[in-house]
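Protein sequences, first through last, are from chains A, B and C. First residue of the first sequence: 1, per UniProt numbering; consecutive thereafter. First residue of the second sequence: 1, per UniProt numbering; consecutive thereafter. First residue of the third sequence: 1, per UniProt numbering; consecutive thereafter.
Hints were generated in silico from the structure; no laboratory data involved. Every value quoted in this text rests on a predicted model; they were computed, and no experiment measured them. Note that CB positions come from ideal geometry on N, CA and C, so glycine has one too. Hints should not be assumed to be uniformly reliable.
[Stated by the list, open to error] Non-contacting residues of chain A with respect to chain B, defined by C-beta distances greater than 12 Å in every case (computed):
| hint | residue |
| --- | --- |
| 1 | G12 |
| 2 | R111 |
| 3 | Y183 |
[To be verified] Derived DSBU-like pairs (lysine-lysine); straight-line CA-CA distance at most 35 Å:
| hint | chain 1 | residue 1 | chain 2 | residue 2 |
| --- | --- | --- | --- | --- |
| 4 | A | K54 | A | K81 |
| 5 | B | K128 | C | K94 |
| 6 | B | K213 | A | K70 |
[Stated by the list, open to error] Label-pair distances were calculated between CB atoms; the ranges are:
| hint | chain 1 | residue 1 | chain 2 | residue 2 | range |
| --- | --- | --- | --- | --- | --- |
| 7 | A | N128 | C | D145 | 40 to 46 Å |
| 8 | B | I15 | A | F156 | 18 to 24 Å |
| 9 | B | R18 | C | I179 | 53 to 59 Å |
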Amino acid sequence: MEVEVGNIVLPGNIVKEAESLAKENKKVVLGNGLRSDENEKVVVSKSGILCKRKNIFYVDSYQKRYIPAKNDTVIGIVHSKTLDFFWVDINCSELASLPYLAFEGATKKNRPDINIGDLIYCKVMQSNPDLEPELVCVDSTGKKGNLGELKDGLMFSCTINLVRKILNEKCTLLHLLSKECPYEIAAGINGRIWINSKNINTTILLRNTILEAEYTPYHQMKNLVDRFASELTGIN
Amino acid sequence: MEDLKLKAITAEMNILSRSDGSVIISQGDSSCIVDVNGPIEVNSAANIDMNKAYVDVLYRPKCGIPGVNERYKEKTIKGLCESIILTTLYPKTQINFQIQEMDDSSGIFACAINGCNIGLLNSGLEMKFNMAAVHCVLDETDEIIIDPDCIEEETLAFTRVQKPKRISGKYKADFTFVFESLKDSLISVHTNGSFSLQKYNEALKLSRQACRKIFDFYADLVKKCSVVYIKNSILEYI
Amino acid sequence: MSQENLFKAINPVKFVLDHLEKNVRPDGREFNEFRATIINKDSISRAEGSALVKIGNTTVLCGIKAELAEPDNIDQNIGFIVPNIELSKLCSPKYRAIGVSVDSQVMSQTIFNIIVNSECIDPADLCIAKGKLVWVLYCDLVCLDDDGSVLDVAILALSTALKSLKLPKVDFDIDTKVIKVNDKIRSPLKLKCLPVASSFIIFENDYLLVDPSSDEENIADTTVTVSTSDGKINYIHQPGGNSIEPAKFDNIVRQAINREKYIKSLLDSI
């Protein structure tokens with residue numbers, strides 16, 4: 001069965017458009033949920049909505065389990081320490097490695113002060129299904145930027161779709177919330193969100209509001225935040 | 001055939017909050033919960049496969065402890081799931097299925113297979129194609145009934161150790177056919193009772209027509225869920 | 001390692017395919033040729049019925065022990081039959097060394113389904129006194145060598161053992177509940193028919209091979225097992241793979257029925 005961009009797709013459907021573009025020698029990128037089979041047909045492998053951005057085709061699908069991909073920023077929990085690595089749980093099938101030297105200013109002598117159970121906001125450096133994922137806490141210039149240990153605050157799990165949604169530039173939620181109260185947020189694409197604010201009551205309220213946003217359409221975000229604001233005045 | 005009617009199918013995805021994919025499916029009065037988790041860490045070193053994911057299926061009966069009959073179902077479902085999931089994409093991992101039978105008024109096996117497929121769609125694991133199972137029986141007048149409901153299944157006390165369920169004397173045989181969605185071709189058969197080749201082919205032909213309805217149901221279900229989960233996150237398609 | 005074995009180890013699929021293109025199987029058989037069948041009846045003297053069956057290298061030994069028991073409350077005048085097959089490392093490295101493996105449980109269930117579906121035994125024949133005393137037939141099968149198509153061999157071993165089964169005469173006094181077993185007078189069990197299973201594989205969607213060896217089984221796309229008794233199908237199992245065209249399936253059933261006739265004549269001759 002052939003499908004077009006914008007359609008609801010099921011595994012086994014064929015995307016003719018991507019195939020014909022490739023035949024015209026144009027560059028086509030197959031993203032999440034698409035693969036080309038042995039006959040060079042583009043076949044859908046996930047259920048969801050077929051989307052296209054420039055020459056990138058992908059399926060927007062529902063997912064809870066994280067599958068590591070290069071350059072994703074994720075929130076990890078330090079599971080154990082060995083001679084050269086931290087082993088970090090990033091909600092995928094195995095522990096990811098985070099070298100001691102992958103921190104800003106770290107040397108063999110000067111090791112980062114991180115303990116088991118700490119939260120780390122980091123980037124996926126390498127993701128090969130045959131190897132364990134590798135994480136870093138610095139960018140290409142060696143600076144730490146936003147990455148690093150997350151102190152205090154509250155981490156909670158959610159679906160990957162929710163993280164994608166709040167990070168979408170069209171989603172006004174985080175911006176609207178910041179007008180009501182100051183807070184810090186780190187959204188890991190592995191289905192984990194960390195927030196921190198001036199007191200725990202506000203933090204919990206923020207968490208509930210963010211979780212509620214999963215099923216709220218964009219145009220109703222304002223109502224959601226208004227409700228948040230009224231509850232905020234109630235507790236403080 | 002216009003009067004081909006299946007039992008009412010209903011399914012609700014994402015009913016368990018902590019599993020990666022879950023569904024409660026009911027076909028007529030038969031229903032089960034399927035829970036899919038994966039890819040996760042392989043729990044036993046003996047099962048690590050360097051080339052593909054290891055699929056583990058647990059089938060829990062309505063009451064009592066699982067026995068040999070459940071093992072048989074587990075093995076069949078495992079084989080089917082291995083052939084529809086792109087297991088090579090998830091090497092050295094495990095994909096767990098847990099199926100809890102809720103109510104059985106015939107065709108629970110087909111219901112469980114369909115449930116596994118919906119569970120997989122919900123979990124976001126990459127698949128080659130969909131599968132649909134159709135159950136039908138051959139009654140005493142040699143007539144084929146597709147997807148019957150409320151057949152009295154009697155426990156056959158033929159053996160002490162294993163007590164298989166067997167449809168009562170009114171029915172000669174029952175078939176469970178599993179089809180794939182690309183060409184509607186048959187990927188698995190499971191039969192019970194004795195029958196002739198002609199009747200088998202007849203049942204197969206009818207079931208093949210019926211499986212389309214199940215595939216349509218999957219498409220419908222995914223459509224409904226996509227609207228809720230995904231659609232409002234991409235403004236372009238509102 | 002000889003050149004042939006080397007080729008087989010490097011590319012087992014092409015090894016078989018090259019043979020099939022020349023219309024011969026790696027072991028020299030025709031596509032529709034079964035391996036030589038050897039049946040030995042009454043191999044175990046202490047069992048009530050027994051058989052040793054060999055098809056090619058695949059060997060299964062079956063022994064039936066009959067015991068007396070009280071019937072089930074649900075259906076008081078039927079006896080029990082309990083098949084159990086053991087698939088251990090002994091017969092093939094693919095099985096687990098210790099404990100009851102899933103494979104053997106599944107195959108035991110399959111054997112049981114075939115016996116029940118073929119209705120070869122009337123369970124009421126196993127009843128001695130209604131509601132009081134019935135026979136339990138423990139059919140223990142041991143696979144000694146697994147070189148493919150174990151189910152076919154197991155079913156044949158069980159059928160032969162059931163045929164050779166002789167149950168002693170039992171007198172049961174309902175009032176005094178005294179059981180007298182007379183070992184001297186033995187009578188065979190009434191068998192309506194005997195199920196015969198035949199396995200087939202389809203290779204590269206084109207070649208239909210009967211009675212696959214384990215090498216062929218490992219690389220097959222589609223495996224299908226058909227069990228027939230008196231020309232009627234009582235079990236079809238296709239665990240996965242590709243679909244089979246109706247014409248090919250008719251061919252499979254025809255071959256299974258021919259095989260059943262041959263096995264029947266073979267059993268009658270011993």
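Here is how each hint holds up against the structure:
1. Under the 12 Å C-beta cut-off, the non-interface status given to G12(A) relative to chain B is violated; the minimum distance is some 4 Å.
2. Every CB of chain B lies more than 12 Å from the CB of R111(A), the least distance being 28 Å, so the non-interface label holds.
3. For Y183(A), the non-interface assignment is confirmed: its Cβ lies about 22 Å from the closest Cβ of chain B, beyond the 12 Å cut-off.
4. Between K54(A) and K81(A) the CA atoms are separated by roughly 43 Å; this puts the pair beyond 35 Å, and the hint is violated.
5. Of the pairs offered as hints, the one joining K128(B) and K94(C) holds, with about 27 Å between alpha carbons and a cut-off of 35 Å not exceeded.
6. Of the pairs offered as hints, the one joining K213(B) and K70(A) is violated, with about 40 Å between alpha carbons and a cut-off of 35 Å exceeded.
7. Checked against the hint of 40 to 46 Å, the pair N128(A) and D145(C) passes, with Cβ atoms roughly 42 Å apart.
8. Between I15(B) and F156(A) the beta carbon distance is about 21 Å. The supplied range of 18 to 24 Å therefore holds.
9. Between R18(B) and I179(C) the Cβ separation comes to about 57 Å, which falls inside the hinted range of 53 to 59 Å.
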